[in-house]
Every structure is written in C-alpha cells, then in structure tokens.
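Novice: Given the sequences, and given the hints that come with them, work out the whole structure.
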Amino acid sequence: MSTFKYGDKMIKTRDIMVLVPSMLIAVVVLSLPRMLAGVTNAADGWIPIVVSGIVAILLAWFVAKLASFFPNQSFLEYASSLVSKPIAVILTLLFALEGILITAFEVRAIGVISEQYLFRNTPIEIITLSFLWVVVYAVSGSRAGIFRLNSLFLPFIFIAVIILVFFSIGYMELSNVLPVFKTDVQGYMQGTMKSALSYSGIGVLFFYIAFVRQPKRAPGMAAVGMGFVVMLYVLIYFTCIAVFGSATEVLRLPIIDLAKAIEIPGGFFERIESVFYVIWIMGIFTTTAISFDIAVLAITLVFPKLNKIKVTLCLTPLIFIITTMPKDYIEVEQFGNYVSYLDLGLIFFVTILLWGMYLIRGVKKREK
Amino acid sequence: MTRPSLFNRLLNRKQSKEKSKTSFSTKITKNLDDNLHNMKQLLGDPGDLVIRELIIGGLVKRAAIVYISGITDEQLINNNILKTIQLNLKQIDSKQILDQIHKEVVAITDIQKSNNMDDISFAVLNGNTAFYLDGYETVLLMGTTGGETRSIEPPDSETLIRGPKDGFVENIATNMALIRRDIKDPNLRFKQHEVGKRSKQKLILCYVEGITNPDLVDEVNRRLETIDMDFVSDSSYVEQWIEDSFLSPFPQILNTERPDNVSYHLVQGKLAILVDGTPFALIAPATIGDSLQSMGDYNQRWLSATLLRLLRYLSAFFALFLPALYIALVSYHPGMIPSTLAFSIAASREGVPFPAAIEAILMGITFEILHEAGIRLPKVIGQTIGIVGGLVIGDAAVSAGIVSPIMVIVTALTAIASFSIPTYSVAIAFRTVRFAFMIAASFLGLYGIILVYIMVNIHLVNLKSIGVPYSTPFAPTFIKDWKDLILRAPITKLTQRPTYLRPMDNKSGDIKTEKRKE
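So the sequence lines, in the order shown, correspond to chains S and B. Residues 1 to 368 in the numbering used here are what the first sequence lists, from first letter to last. Residues 1 to 518 in the numbering used here are what the second sequence lists, from first letter to last.
Simulated from the structure, these hints should not be mistaken for laboratory data.
Computed Cβ-Cβ distance ranges for the label pairs, DEER-style:
hint : chain 1 : residue 1 : chain 2 : residue 2 : range
1    : B       : Ala400    : S       : Ile330    : 48 to 56 Å
2    : B       : Phe443    : S       : Ile87     : 43 to 51 Å
3    : B       : Gly374    : S       : Pro155    : 33 to 41 Å
4    : S       : Pro155    : B       : Gly146    : 52 to 60 Å
Cβ atoms here follow ideal geometry from the backbone N, Cα and C, with glycine treated the same way.
Specialist: This is how it looks when you write it as structure tokens:
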C-alpha cells in the first residue's frame, strides 16, 4: 500500500555528490598510504594523489556531463544512439562484469581484513557470506534506498577519519614529513599509477545519472564529490606519514594501524582500531551495494524482461564463488589491483569512445 | 442440477445483493402498534429498551418515544421532549402535527426525520430517541446521545512536567471538541468514516485543509475505506490495518493521548485519526525522528530541550547496543576494554559458568518478563515485583554466581535507557531489535553488530509511512528540517513546516528549496 508520490525512482542532484565518495571510499584506500610510501620519499606521496585526483575529478565531470546530455535515458539507450546497439550491449555487460568483480573483491577483502583485526578463529566464508547476504538484502530493496543508505553512512566515514586525524596530531613528527620533493620522476609516475587504483568506480555515474530528474548540475556535483574524496585521501595519507614515517611502507593497512597506535583520552576504549574498522565497514558496504546494484541494473537493462530480485539472487552464488578464489591476502590485493585497473581502463575507454562519437557524429534529438 | 439462464442468474444475484443490503426489511407503517412491535422484534426486546407511550392533547393522538437507557441523556429526554410535548398539548392543532412538533415543540437541536427502519434502529442504538406518531410513516430522530463517560483527565501514558494537562477520553465528540479548542481554523477538517461492521464506530480523519498535502489525505482515505472488521476496540486496529508494512518492528503510525500533540502535528501538516471508544489518537505519517521527540521538548527553552533530546538519542543508543556491546567486547574483543576494567570484569566473571552471550540473553529475558509482569499486576501487588526484581534477580543472581555484577549494571542501564524513549510503541520496537543485536554479537562480535546495524538501516530506508520514507529527514535529506530533529532550534527559528511532508502552505523560503531540489 503506497502511492504517495515521493519521487522514489528519481534521485536528487545532491545524491550524486554523496554517491561518488560512497562508491570510491572502500578497501583500496586502506592500503593506499603503504603503496605510496613504497615508491615515494617522505610525504611526497600527496603529489601523486592530487595529480591522479585531478584526473579523476575531470573524468567524473566528463562522465557526468556526457550522461547529463541525455536526461532520463539509460546508459544502454544513449550509448546505443552514439555507438550502435550491439556495442552498447557489450559495454553494458562489461560494466555488469566489472560490478560483479568489484563486489566480489570488496566482500573478500572484508573477510581478509576482519580475520586480521576482529577475529582469527571464525571461518572466512562465514564472514564473507554474512556480509554478502546483507548486501543482497540492500540490493533487493529499492534503488532509492541505496542512495539513502549512502547519505546515512557517509557522514560516519568522514567523522571517523576526522576524529582519527585529530587524535593523531599528538603523535605526528615533523621529521617524518621532511624533506619534501626528493622523489624522482619515476617514483611519482609509479605513485600516480598506484593512487589511481583508489579512484576506480566512477563508472557508476554512467548509470545513475539517468535517474536524476534534472541532471544539469550533476557534473558539478560529481566533481565536488570527487574533490571530497581527494581531500580525504590526502588527509589520510599525510596523517599516516606524519605518524609512522617511512615505516608506513611495512604496515599492511596503515589507517587501521593508525587507529591502533593512537589513544583517545578518557580511556573508554583502549584500542579503537576495531571500532574504526567496523565504522569503515559501512563505507565498504556502500561501495559493495552500489557495484552490485550496477551489475544488476546493467543486466536488467540488457535483458529488460528479467526480474531484479531474481537477477540479484542468481548473481549471488557467482559472486561468492569468485570471492573464494584468491588464496591469501597478497592474492586478494592483486585481485583488487586487477579489478581496479580493469575498471579504470574501461572507464577511460568508454568515456573517450562516447565523447568522441558525441563530438564527431553528434546526436539526433530524441524523438518522442 | 438445474442451471438458470444467464439473465436469470444475473437478476437473482442482483436481487440477493439487494436483499443482503437491506437486512432490516420491515417497513414503517401508519400503525403505531405495528411499528413499536417491529422495533421490539428487531432488537429482540432487550431490557434496556424504553418505550414510553403518550397521548397528545385533545386530539387524542397516540404517540411513543423509543430510546435505550444508559446511552442516552435521560434528563434531556424528560425535560426537552416529554415535558415540552406535554406542556404544549393545547397549542398543537390537528393538521401537520408532526411538522409542528418537529419545528416548534421539541427543544433539541439535532433532530431529523426518517422513514427507514434501518436508519431508525441505528439511531436508537447510537443513543438517539425515536418519536413515533400514530398515523404517520415518518419518525422523528432526536439527538439525545449521552450517558456515563469518563471525564477529561491527565493522560497516564504520556506525562509531561509542563504543558496542558488534558487527555483524550473514550468519547469521540469530546475528543473532537478538544482539538477544536486548540485549532480554531475554519480549514480544520473532520472527515467521518465508519468502521466496524457490527460496532458501527465513528472514525474521524482530521487534517487542516491548505496545509496537509492532499495526496496524503487521499491516500489515508483510500486506506481507511478498505477497513473491514467487526469491531475496533482501539485505534491500534486501524493502525495495523492501514500501516505500510506489517513485517516491520517499527510503528509507522504514532499514537498519542494528548490533544496538544495531535494539534501540533496537524498544523505541521500531518493527519490525525480519532476512533470512537478509545482515548488514543493516531498521527500519521511518522518518521524515525518523531520517535525520539516529545511534546515536552517544545515546552522547555530550546537549549535544555536540545540537550534532553541529545540525551534521549544517547539513551536510544544504550537501549539498542549496550548488551550487544558487552557481549562483543567480553567474548570477542577483550583487548578493547581498558586493561584495569578488563581485569575487574574478568575477576567478576570468574565464577560465572556461562559465556557472556548466554549471561546477557538470560538477564535480558528476565528483565522482559519482569517488565511484562509489572504491567499485568494490579498496583497493590506491584511493589512485590520491585522486590523480586531488585533483590532476588539482581542481588541473589550475582551471589549465586549465575551472572556477573557488571551484567546487572548493563541490564539496569539498558532498562532505564529504554524507558526514557518517549514513545512506547517505539520502545517496544527497540526492545525487539536489541535482541537481534545481542544474537548477532554473540556469533560475530562487533562485526555482527555492524551487520545488523546496516540491515536495520536498509530496512528503515525502504520502510514508508503512508508513502513517506521512514528515514526522512535524515535520508532523503531535508537539511531544513534538521532544525527540529536532533536539535530543537529556538521557537522563533521554527517558522517552517517540515518540508518532507510537502505541505501546501509553507513559508516563502521553501519555494527556493523546491527549485534547488529540482
């Protein structure tokens, strides 16, 4: 019983701003400081983050801009009008595959990290399966619900990071940050490539902008959302380097170890890394739910007769099987890197392809 | 088997439908005795049916008044019907007696004519008085509803330190009057429905036209029309019938005994439902934010009200998470507890044979039983519960080594916290969810808690109350409405109605919001 129109199918432009950080902030950023510290000197890693961040902001803007040329058209519709239907179907299915892979990676990463920071004895399958189950519950609900979850959970992430940074001020040492600009070009290049990993996932904009009622301001919103992500990454990176110095290189997940190292006055909790990680799970959850939803959305776009819930339930075992494939933490991380590079490659390819077609061929006005 | 032709079948069906519609098929006749006999037969000649026959004046016209004692105002009948008719005997002339009595004699405001047995019996059962006159097929129905009712008292279920002291009663007319006294707006609407096939109770949907979104009103009206029950003993029947999801533990419609609460929400752009026979009014749509607000918040200065609200959010957190956190920390993450406290917890749990999860669930269930028993017991024996609960379960359970003292503290704090939630129906929902958290924590520790927390959130964002998302104004976000959510901004700043209700009449600033949203 519900007919009171609340724009359930449509989302606001502001939700796009929330969507970008919700999608991007997940597992990869946890290990970002380590990867950067390995190839750059002292605190120089911020340059790669900002450089790749600017590229990501531009990319987000371009993706959103392209999608907003076609208000209320699905990706498949406007991609078909730009690059014939068969290619559009292939692209959509590639995004579906990418969504499935990201979901599987995040779920597996949850399992691995939980095993390390929360409990050692519980079988990893139980951890991943219970998380996957919660994600399935979210995806089988309404799509608007996922957007609402984003705006409910994102503040927790930002507040947690800010609290963490605030209390680590006392542990920071200037000598860890200095000297500046001592990294060679090679290092910067590598660093940029590595930090680009943590910006994968922009592809969701291709799909979700279709649900924005008036997407005129969506590109700006997407760029602003991306700006928040870049700022958060730089903040996290600086804090880790300032506290740990070159030791960041050997810490598996430096941010969580940061939470382990610091002490919050008042002594209510002795070690807050579990609390921090548990809050971070919300961020990982939104990423997983969005990518799963994209997979489902992409598949239902190509096969409009399929029922959303059935697709979700059919994909679940597949995702679970993929999660069991990597053997240990190293393989999980490698898997994550492949997935992220694949995602970035796909995004760059699709964006350039569609923009190229848009500029060269132009597009006829949609008849209605 | 014979099978009549299609036409005949349709005809028969039509006829049988008509038959079932007019269950009281007896007609009003010109003969008074027949009419009275029919009336008696219809009601089964009950002991409380009063039939007073009288003869009018020199015309020697026989007449009778029929009413049911107990639900009528007998003083009114005596003074304004019987007395006036008898005193005016001489003036009544022969022609058009009934009209004259109708227009000149009887001193009752609510009076109407009827010649339908169905209406008459229903009116009599409602406490009206029927006036029969020999030789006429028309009957006068006079509004004499009355009888014993409870007087207006301070509501038991929602007490406030400061604020109006009146509460709703069982009589719907009084309740409507209480709202009218608060809102003297000509746009205040009382739309009447009837619920209960047998009980024929009045149900009033209140809203202020020009404020409340008409879509909401239509939707609630539509849902109210689907109600199909014999008897509605309380507004909770209506609530359960029209709510959006019966699978949810959260109440999607608020209930209150306070007229000021209803009036406040009406002018905010919500709807209220009054049901005859119960002092509990319903307020819809409800959101999760409403559950931690109390009318008392508006009767305090804003700073203290805000702090009290924050306190309530904190206690909601305790009520939901405390036992689960205890289980998670003690059994999975002892490293998180400050070491000195961890030692004392470990020491106090030395002799306890159960794992923390069993201990917590045991105490949790015990407390729920105490709570339930406390409601059932009459006030006189009520103190026993306090002694049993406090001494036997608290103290003795610890000495016997069944639970640790820290567990008693956790249980007690949870209990106190859950009682500070102003809405009882929400407090019950929290109790349910708390056990889900405890079970999750006993299997998966903190990870389990966060998973259930995420699930509760998923449930809340998909839940609706009359079509309005339950998680609003948190998400979908309406920042303007946050002024009266966790904070309670100064009254002078609360000049806008909640935007999430899409009211028809909002302050000018709101047009800008609408534009920006698009």
